[in-house]
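Asker: Below, each chain spelled out in residue letters.
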Amino acid sequence: MAHAKAEQQQLATGMTLIVMVGLAIAFLLFMAFLNVVKSGNLLSETNLLFATLIFYSGAGALYLGFGVTGIESYVKFASLATWMGLIANTAAVAHRWYDAGHPPFASVYEMLLSFVWTLAVLTLVAEKKYGVKVIGTVTMPVAIVGVVLMQLLRTEVHPLVPALQSTWLHVHVTLAMLAYAACALSFALAAMFLIQDDVKTQTFLAVTSASTLAIYASIVLTRLDKWGGLNLVAWNPDVKAEVFLSRGVRLFVTIPDLGWLMTLTLLVVASPLVFYALARWKKNDSFLTLANRAVFLSILLQVMTLVMFLVRAHDGRYPSLDADGLFPTSLAASPFILSGLVGGAFISLLYLLLLWRRPDLERLLPSTGNLDRITYKTICIAFPLLTLMIASGAYWANQTWGSYWSWDPKETWAAITWLVYALYLHMRITRGWRGRRAAYFAIAGFAVVMFTFFGVTYLLPGLHAYA
Amino acid sequence: MAVEFRSLAHKTWRTIASIQTGVVLLILVVILSAVGTIVLQRPVTEPDEMQSAYSPQALRILDAVGLTDVFHSWWFLGLVLLVSVSIVAASIDRFPNSWRYFSRPYKCPDETFRRALHPQKSLAIADEESGLVAAERALHSLGFKPETVVREDHFAIFAERGRISELAVYIVHASLLLIFFGTIVDGFWGWRGTLNLNERQTSNIVELRDGKTRTLPFAIRCDATGQENYQDGTPKKWWSRLAVVADGRDVEKKEIVVNDPLLYSGVRFYQSSYGPNGKVDKLTLIAAPGNGSGQKQEIGLAVNDTVPLDADTTVRFAQFISDYFVRDGQVYGKSNELENPAAHLVVRSKSAGKDFDVWLPPMDEVADNSKSPYRFQATDLKMGHFTGLQVSHEPGQWGVWSGVVLMGIGLAFVFYVVHVRFWVVPVRDPKTGKYSLWIGGSANRNRDAFEQRFKDLVALVEEELKAVPKSELDIEPKNVPAQRVATVVEN
Numbered sequence: 001m002a003h004a005k006a007e008q009q010q011l012a013t014g015m016t017l018i019v020m021v022g023l024a025i026a027f028l029l030f031m032a033f034l035n036v037v038k039s040g041n042l043l044s045e046t047n048l049l050f051a052t053l054i055f056y057s058g059a060g061a062l063y064l065g066f067g068v069t070g071i072e073s074y075v076k077f078a079s080l081a082t083w084m085g086l087i088a089n090t091a092a093v094a095h096r097w098y099d100a101g102h103p104p105f106a107s108v109y110e111m112l113l114s115f116v117w118t119l120a121v122l123t124l125v126a127e128k129k130y131g132v133k134v135i136g137t138v139t140m141p142v143a144i145v146g147v148v149l150m151q152l153l154r155t156e157v158h159p160l161v162p163a164l165q166s167t168w169l170h171v172h173v174t175l176a177m178l179a180y181a182a183c184a185l186s187f188a189l190a191a192m193f194l195i196q197d198d199v200k201t202q203t204f205l206a207v208t209s210a211s212t213l214a215i216y217a218s219i220v221l222t223r224l225d226k227w228g229g230l231n232l233v234a235w236n237p238d239v240k241a242e243v244f245l246s247r248g249v250r251l252f253v254t255i256p257d258l259g260w261l262m263t264l265t266l267l268v269v270a271s272p273l274v275f276y277a278l279a280r281w282k283k284n285d286s287f288l289t290l291a292n293r294a295v296f297l298s299i300l301l302q303v304m305t306l307v308m309f310l311v312r313a314h315d316g317r318y319p320s321l322d323a324d325g326l327f328p329t330s331l332a333a334s335p336f337i338l339s340g341l342v343g344g345a346f347i348s349l350l351y352l353l354l355l356w357r358r359p360d361l362e363r364l365l366p367s368t369g370n371l372d373r374i375t376y377k378t379i380c381i382a383f384p385l386l387t388l389m390i391a392s393g394a395y396w397a398n399q400t401w402g403s404y405w406s407w408d409p410k411e412t413w414a415a416i417t418w419l420v421y422a423l424y425l426h427m428r429i430t431r432g433w434r435g436r437r438a439a440y441f442a443i444a445g446f447a448v449v450m451f452t453f454f455g456v457t458y459l460l461p462g463l464h465a466y467a
Numbered sequence: 001m002a003v004e005f006r007s008l009a010h011k012t013w014r015t016i017a018s019i020q021t022g023v024v025l026l027i028l029v030v031i032l033s034a035v036g037t038i039v040l041q042r043p044v045t046e047p048d049e050m051q052s053a054y055s056p057q058a059l060r061i062l063d064a065v066g067l068t069d070v071f072h073s074w075w076f077l078g079l080v081l082l083v084s085v086s087i088v089a090a091s092i093d094r095f096p097n098s099w100r101y102f103s104r105p106y107k108c109p110d111e112t113f114r115r116a117l118h119p120q121k122s123l124a125i126a127d128e129e130s131g132l133v134a135a136e137r138a139l140h141s142l143g144f145k146p147e148t149v150v151r152e153d154h155f156a157i158f159a160e161r162g163r164i165s166e167l168a169v170y171i172v173h174a175s176l177l178l179i180f181f182g183t184i185v186d187g188f189w190g191w192r193g194t195l196n197l198n199e200r201q202t203s204n205i206v207e208l209r210d211g212k213t214r215t216l217p218f219a220i221r222c223d224a225t226g227q228e229n230y231q232d233g234t235p236k237k238w239w240s241r242l243a244v245v246a247d248g249r250d251v252e253k254k255e256i257v258v259n260d261p262l263l264y265s266g267v268r269f270y271q272s273s274y275g276p277n278g279k280v281d282k283l284t285l286i287a288a289p290g291n292g293s294g295q296k297q298e299i300g301l302a303v304n305d306t307v308p309l310d311a312d313t314t315v316r317f318a319q320f321i322s323d324y325f326v327r328d329g330q331v332y333g334k335s336n337e338l339e340n341p342a343a344h345l346v347v348r349s350k351s352a353g354k355d356f357d358v359w360l361p362p363m364d365e366v367a368d369n370s371k372s373p374y375r376f377q378a379t380d381l382k383m384g385h386f387t388g389l390q391v392s393h394e395p396g397q398w399g400v401w402s403g404v405v406l407m408g409i410g411l412a413f414v415f416y417v418v419h420v421r422f423w424v425v426p427v428r429d430p431k432t433g434k435y436s437l438w439i440g441g442s443a444n445r446n447r448d449a450f451e452q453r454f455k456d457l458v459a460l461v462e463e464e465l466k467a468v469p470k471s472e473l474d475i476e477p478k479n480v481p482a483q484r485v486a487t488v489v490e491n
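Residue numbers (this note's numbering), protein chains in the order written: chain A, 1 to 467; chain B, 1 to 491.
One should not assume that every hint holds.
[As the list claims (entries may be wrong)] One side of the interface only, derived from the structure: several residues of chain B facing chain A at Cβ under 8 Å: (1) 12; (2) 15; (3) 18; (4) 19; (5) 26; (6) 71; (7) 73; (8) 98; (9) 177; (10) 189; (11) 192; (12) 215; (13) 268; (14) 397; (15) 408; (16) 409.
If you are wondering where the hints come from, they were derived from the structure by calculation, not from laboratory data. Small disclaimer: the values here were computed from a predicted structure and weren't measured. C-beta atoms are modelled at their ideal positions from N, C-alpha and C, and glycine is treated no differently.
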């Protein structure tokens, strides 16, 4: 009886979800229609991106619905929506390419465009070829966030500075995007392996909290002004570029009080980790309940911080410590902080999904053996791509700066990433590492990838100022 | 004693060749490289920047340990060499086994092997011959080239594909060594520097990174240099027309742009910067006699040019200051930017036997513009530009590139070529006297996909077994084995 009731309830939530997704899509279509009427140009890049967003949102909602309810028919519609979104996305990429006259890899905006495209392709491949249906639950929200970020960032074609006018650059960046997308996929698969391998939910609590904590800690440590403001790069809306005081030195503006909010969120984000530590130390599980509540609270605060950041950094003029007068800033000037904030909220949400729906997830995911193998195969794809990425980058550097290797931080970290994955392969092939150890290794590898991609640009100075 | 020594040597060798050693060394490389990206590095960071970032004691310690130039320190080089040694030793240790696999394929499985192998399958057959024919056909239809081996008392069929995959990992390791070799050669014999040339200037002296200079056996002349902009004013292209001058002749000419360098006898010249050199290319003036009578004339001057204005008077362009200021009766330059340009002309009158200092714009403190026999008015000022060239000599880069290509090939073999082997042996049960066909297979990676292939093969053999008509075998039972004997491989 109880079982039947649960089943019914599940179906009911499923229906609600379908209705909500339907309404959302109808609303978006209506908005898009208004937009088309207003601009009069049906196939503009904005509209294509809008279509991409609509379909990816639908797909994301349906995948999420599948993840929550486990109703198989959702997946069919979800992949249909992904296909439609992919078509629109491809058209947007083609449009951009045609407009700019170079492949879309030159700016953060263009790289996001290509990254989202790759992610959608890989999602479909993972689903059709390997049967990992639930993967869309993770990748599609990421794609949606990517498209939303693109709407906020600059969209006009930006001319290439001389050093970037090389085919090798396009090869290099394409390979980097493919390699990083493959690494991201291997990470998601390894995480799924750990879920399937009965790793305790509280361990996921610790890891997800630590990741969000790391994001907020790096923002607060590098950008908190001593009077509680938040330092952001100034943005010149006329030339759509960051403001430089001198070569390589950016002008920072200070948004008052936002730093305090960030610090408060940092403390709340740290609290689940503190409760987790207490639970481990005192061996008292009631602290874990507190920790879960703290995660929930932290999500609310994170969303609030994100909204405040969006509202205040989107547009506005703020004073600077380094120069007199007020200077404008824009979200486009701080893409990394923005993605950090969005990513932090997303990680915490994923943890809540796991906390509430773990049995359903375990039912839907492939077996541990399969996940382990697919993770390995994904890394087998990622590793040659990483190799070729480094090689093409070295060749390009040799053409541009006269040196194929200059040990700049980005290069060095790319090499470190390569070495970490090389170690993974050696441990797996010669020492027979399987299962959890291999999964932890894959996750560590992706952490290094993330540091190479975001951390190096954000924290360490170097030649790769363009990306 | 000798035994002990041998066992010690053996132990040492095992340690060096072990995977643990390799892993520990790689982890060390990872950690030290990471440290090298966090600690500010010389010579990329300017000395004063280093001093403001670290306290003097900390800087002294960092310098002494070599942490301020990790990637050029002797211990990092030593570590890379140790990694190389570890790779070589591990390869030597494991290579003979793989080589045996590669050069002498195991074609005729014995009973122990047959019992242990997975996957395997036994099918009932009427006689040896029908089983062998069916297996051969099935393997052929899967695109294999089956080979029949004859041992003293029985036949076996062996088929394989992708044998190179057994050696692929050595290709990758060799390519890595080749890359290390190339970079080390460059580290010792390569050099990098800069060469800044004004338009029409020739030079053969390259300023190296460590402050020393290097004289090239040939010279480079910059004929022209320039910049093209996008409509919004951001630079689109920098170019320089360069000529290589050797023994007083132009031996090569090329217009270089960013990403397209000039290569001459192993030395590469890259366009790296461009800008005004603060010097005048040409100053155009209108000169009018001071007494108001006589013709105005237009003259063009470069710095140090002297031009006659009339039979008695000459004018020399003595000095140009791009950003001037006056203090205590002296004119000084502030910067190389073209902010407040000033030109110093010296007008010489032979009859008066006197020089007049004329400054444009007029400066009463220092100039005697009003006394000069001529009045000047500047109409045009063309500034000179310099091109900044990166110069590099990297004799080891061919090792690096061939290593990269080799690594690509090796990785393709490692990840995408699978060594697949199939064996088929007809076995006679000594008790019942009945025949069965033993089929076994092995793959060196991707074993789950291989199991499916194995099942496909077994299904095909079963099909062929049904399809082989008894009559066909009855007609020529003797000929087929006779042919086979010709392909005997002694194992």
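Asker: State for each hint whether it applies.
Answerer: To see whether the hints hold, each was checked on the structure:
1. 12: 20 Å, violated
2. 15: 16 Å, violated
3. 18: Violated, because the Cβ-Cβ distance from residue 18 of chain B to chain A comes to roughly 10 Å (cut-off 8 Å).
4. 19: 5 Å, holds
5. 26: Interface hint status for residue 26 of chain B: holds (6 Å vs cutoff 8 Å).
6. 71: 4 Å, holds
7. 73: Violated. Min distance 11 Å.
8. 98: 12 Å, violated
9. 177: Since chain A brings no Cβ nearer than about 14 Å to residue 177 of chain B, farther than 8 Å, the hint is violated.
10. 189: Violated. Min distance 14 Å.
11. 192: 6 Å, holds
12. 215: 19 Å, violated
13. 268: Since chain A brings a Cβ to about 6 Å from residue 268 of chain B, closer than 8 Å, the hint holds.
14. 397: 6 Å, holds
15. 408: Because about 7 Å separates residue 408 of chain B from the closest Cβ in chain A, which is inside the 8 Å limit, the hint holds.
16. 409: Hint on residue 409 of chain B: violated, closest Cβ of chain A at ~11 Å, above 8 Å.
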